[in-house]
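Asks: The lines below spell out each chain.
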Amino acid sequence: MSEQFDLIKYLSDSVDSLLDYMKKKSPERLWMFEVQKSQWGDIYNAHKDGKKLIYVSACVPPELIFAFDCVPCLLDAIPTRLASQPELSSKYIDFAEQFVPPTMCAIDKVDVGTVFSGDMVEKPDAFIYTTYPCDNSRAIYPAIEKKLGVPTFAIDAPFRKDDRGYRYLADQYKDMVVFLEELTGKKLDWDRFEEVMDISNQTNILMDKVSTLRKRVPCPLPSRLLILNELQLQMIGHPGLLKFFENQYKVGMSNIENGIGAVPDEKYRVTWLQNMLWSNAGIMDWMEKKYGAVLIMDAFGYQKAPLFEDPKDRERVFMDCGRKALASPMIHGASGPAEIYLDLVDQVMDEYSINVAMFVGHVGCKHTWAAAKMVKDTIAEKYDLPTLLMDIDACDARYKSTEEIKEIISEYMESVVGAKPIQ
Amino acid sequence: MSKASETEYWRWAEHQWKNPDIPDWQGSLVTAGVDIGSTSTQAVIMADGKLYAYSSIRTGADSPNSAIDAINTAMEGTGLSLPDIDYTVGTGYGRVNVPFADKTVTEITCHARGANFIYGSGVRTLLDMGGQDCKAIHCDETGKVTSFMMNDKCAAGTGRGMEVIANLLSVPIGEIGEISLRVEEEPEPVSSICVIFAKTEVTRLMRAGWPLEKVLASYCRAMAIRVVRLLERNGIEKDFAITGGIAKNAGIVRRIENMLGIEALKTESDPQIAGALGGALVAKDLIEKKGSQNFQKDRRRVNG
Amino acid sequence: MDSLLMKSNIRNTSIEEWKQKGGKTIGTICCHVPGEIFHAAGLLPVRLRATGCTDDSEGEVWMSSFACSFARSCFELLLDGTYDFLDGIVSSDGCSMATRIYDNYKYYKKKEDSNKFYLKDIGAPRINNTKHALPYYISELNELKAGLENHFGVEITEEKLKKSIAVFNESRELVRELYELRKSDAPVITGADSLKITLASVSMPPEEFNAMLKKYLAELKTRKPLNDYRARLMLIGSAIDDPEYIKVIEDKGGLVVCDATCYGSRQLWEPVACEGEAIASIAKSYLDKTVCPRMSQVSTHNELYDMIIRMVKDFKVDGIVYAKMKNCQVWGSETLYFEDDLKAANIPLLVVEREEIMTNAGQLAIRAEAFIEMVEKEDN
Amino acid sequence: MLTVGIDSGNQNTKAVLLMDGKIIGRAKVLTGFNPDEAAVKAYELVLSEAGVNSRELAAVAATGAGRNMVEFAENKVNETSSAARGIRHVNSSINTVIDMGSEGCRAIRLRPDGKISNYEVNDKCASGGGTFIESMARVLQIPLAEMGAYSIRHTKEVPMNAQCVVFAESEVVSLIHQKETVENIVYGIHIGITNRIASLVRRVGIIENIALIGGPGHNIGLVQCLEAELKKNIIIPECPEHISAIGAALYAEEHVL
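Chains as they are written, first to last, in our numbering: chain W, 1 to 423; chain F, 1 to 304; chain U, 1 to 380; chain H, 1 to 257.
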């Protein structure tokens, strides 16, 4: 009890044992897990490898961190990773509720819990946060800054996603470079930065291709792979992520060549229009099996990132960082004015030939819930489709049991969609 | 339609007690506290700062009558009558309905004061679980409240919920705690302790064939978790004590202790009277502050 | 005609008269939308709130039960006609709940006809200590100014802006005078009435408000002081626009003598210093002084805490009532920042959860009463 | 053809016997801790009262929260579908059906062809369910069946704000102490619950021809409040608590063919 639990070590070790297991069990799926090795292993080994470890939030361009040869640790990636382990996530959630309201987003509760409990043993060298994605994060990041007591750089994210906003971000990213130069004692190595931007572009191009594959009927890729789209927030520019999407693309292409979908009998093309259900990801597999309902695209991981147009243009790259940040997963829909969110919903519906719409609404995300009726009405008007509104907690599995969620989806599928369970 | 004949498993036992060590109260400063809770009412009488007599009865539909019943029951066999009581403090949720009270004080203040008397001046953290609310109180060595926190909006996880479960499962409420401790391993807590949903969930567990002790353990655990959250939010410092009816429920108490890693102080007295006792103590303070010599009985007496 | 306290109603005779004269009104959301700019355009800015809302079920249909009930109730009143005197709405991204009032209403209005109704949202920085924040905010305000000029066919000149700044500064000055009176050991005004006055200030033409408040202040000074209270309280927390809420606390003997709330002390503390260009002066002032936890930087939380401590001292506060709106993260997490400090400074704190529509005044009353018993001086 | 539909609710289990779409028997028993047993009881009751032998039955279907525990029913259908199916059978003009159970409430919007266009269910608080009214009746010490009659005799509106059953109970007690009349209190309770139901109905959209089913359909006071709040006429079918069982029986009928 008294020994300090090292969460990052635990996550890194879990990936290792998972990889060992997969090597024996199904080596063809190994690639899905190797990316997690890059994610957690790099963080755990940062100091051993002589690199600076930097806690970051969304909209902090990972490319810039990589260009300084530092390791970013996206705080929000921890809650989504822990969501499938209620015994751990609930520990941090309960811990956090001493300080924050129980209605706070569970992602942020876990952030507070992991940092304040001391389980993030390895102290970071710096903390860089932005004022995105939402009120929850805005409320806790400064508190985390206070708690950590490490050099911190804070970036104000603009409300609207327009040129003024990109410029505003670009100016601050330039200051962030100065901050990183002071932190590392090194000037920004533009050659290295260009390399990273190149990897970032390649990855984004592949992500776009992968997304395009998903537009096919039947969808050549399974629902589950959508979960990892969020890795972009932390890892874009990392070769590990590039490799992950290369593999994903290969799988998709090979399914297409064989003329099959990822799910043998695709009957329904489903979208989830708010958060991902990390706490109950198995629901996606169950929907595929039970109804032939495949999650084709979701509004959280939806990917349509702009590229670095010219990595050699030292002014423009910062504007592009701004554009990319505001078009990244979660940020593109969940942050800023609702109109942009509604446009994104429309794009998902339109581009992916969706015929079942579900607002799987994370209860902590109150402002997207406050747009739920607009989402529902937009879909009804334009696509003449109903939308299931279901409250769930994306990171706290205790909110609704798997059985309850299945019950709700079944009822909807069978009574409104008219689906019959596949025996 | 009426269900009058049904056994009422939720009912607490009524009782009355008189201090055998105080043969006669005459010549003493006699004060009283009456605590009208949503489910039970207690009256405590003190003579010169010593616990003299008390009663605990069910709160009826008419609070003023309950107050009168409680004080009369407490006075039984003491030779006291209402005019003999120098000062009375009404407390609890129905405190404004104590017709013979000289002053009303909230149960939060009274419980802290009462706990200080029952458990000693070392008590810093106090948990009071009432019929429809739950309070985490922090107090100083004189029994004065320094901070407190109460459940909001929803009465999930309070005494009333326990009563509903007792009735549903036909288990006398006094036995729930003991039975719930008969499990070898702690089950998952019920996911909702909203009074109505918990009823559904408990029913579901029974239908799924869970043994009674496991169902009760699951429910008690959920309640304990909720209470511990409240305590943690208010801050925990030793010594720790529990007052109110729930202090008698070992199933809840033991679980709270395990979760906090702190043992609650035990007492020979009745923890349910803490509120009324605190009232009587506050009454004594008030008189003493006014100066007992020129103290005048200026009681507003309302016809019960 | 309504008395000054009656002007705290969302619909009051001042607004009626303004409309009868053919005046136009703009509803504003959150405190980063400067009233001065509208005033300079000859428009009447009315800050959106939900005072007196008794049912938010339609608001809940739109915004769900997971939304903040203040936002929900404001939206309800936009739908039910309470705000039918508005000719436009301008919002800043105070918090994401506030922006959703705007977003939903814009969506709702789109289904109607016209472009007659003016709709605009501006961004307001959440970090003010970078060199980029102020220019960004100035650009947003200039865009708003140009938008108003274009839509309403008016010109907002420097001169008009400076005049408006002076008028609004006078309001701030007068409200400060009001707050000064509350520092007395026996104040002449309750917290509930004080809130009514600051509410009136966002619901009527400022010149009229200034004139009425001047008279009211003169009259106040001759009033019988309040000295039968049991404790002096400070109220902090999410948007509180409901005088009844304060009344419940004051009925238990806890006189609310000061506050750090959005419709109370927040906007009216420091005057806008007019140096150089008017919009820039307004921007600088609004960005610097707004001590709102929506800002996402440690310094704001520290300033907020310092301000609270200062007011506790100046107003001789016995305890702080911290009313957290359910589902409000912005104020809800303030515990992270100052609860320990308050404890260390020996300032008693009562935390209560609040919803816009007071569903159980009894619950607030018992907490308030117990808190008052806890903090009141022994000799009472 | 003869079919039986069983609605295994949290509180009561209802059974309906259909002959070629005609209702020839109805039964209602308490569910208790063993829904299967209760279902058997309701099933036997409905058959014996109609004098039908179980061998004559073509099929049995179960609906309701406990449907999966009703082992002898070969068909299971969810609550939304059975409510929709049932109401259209007894009244083909219905566009929206409000199904009020003991704990939950759902509003279902139907397409002209009888298919479900969308529906809404109350969330984590049970304040919109029948149990709420029942608990209040207990505190007021009046029979549940008379709540409606009391409510329509009200003389003024007393706000009853608490959503939580327990707080509502104490609110009722304090109103009694304030000497408020039972009639006005009951009316206040109905207004409060109506607001929560109306919110669900608004979410699916309010149009003409709304029906209320479930036990509370018998509560005339509640119905009046709902009508006033929604500004629409509320249609109560003849046997509101049996509608879902009818829907299940129809479902059984289809699944024989």
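Calculated from the structure, these hints are not laboratory results.
Predicted model, so just to flag it, every value in this text is computed and none were measured.
There's no promise every hint is true.
What the hints assert, rightly or not - Pulled a few chain H residues facing chain U out of the computed Cβ check, cut under 7 Å: (1) K41; (2) N161; (3) S199; (4) G205.
Backbone N, C-alpha and C define an ideal beta-carbon position, used for all residues, glycine too.
Asks: Would you settle whether the hint for S199 (chain H) is holds or violated, based on the nearest Cβ-Cβ distance to chain U being less than 7 Å?
Replies: holds (4 Å)
Asks: Taking the least C-beta to C-beta distance, is G205 (chain H) closer than 7 Å to chain U?
Replies: With Cβ-Cβ at 10 Å, over 7 Å, it is violated.
Asks: Does N161 (chain H) pass the interface hint, meaning its C-beta sits closer than 7 Å to a C-beta of chain U?
Replies: holds (4 Å)
Asks: Against chain U, run the beta carbon of K41 (chain H) and see if the smallest gap drops under 7 Å.
Replies: violated (38 Å)
Checked against the numbered hints listed earlier, the structure breaks hints 1 and 4; every other hint is satisfied.
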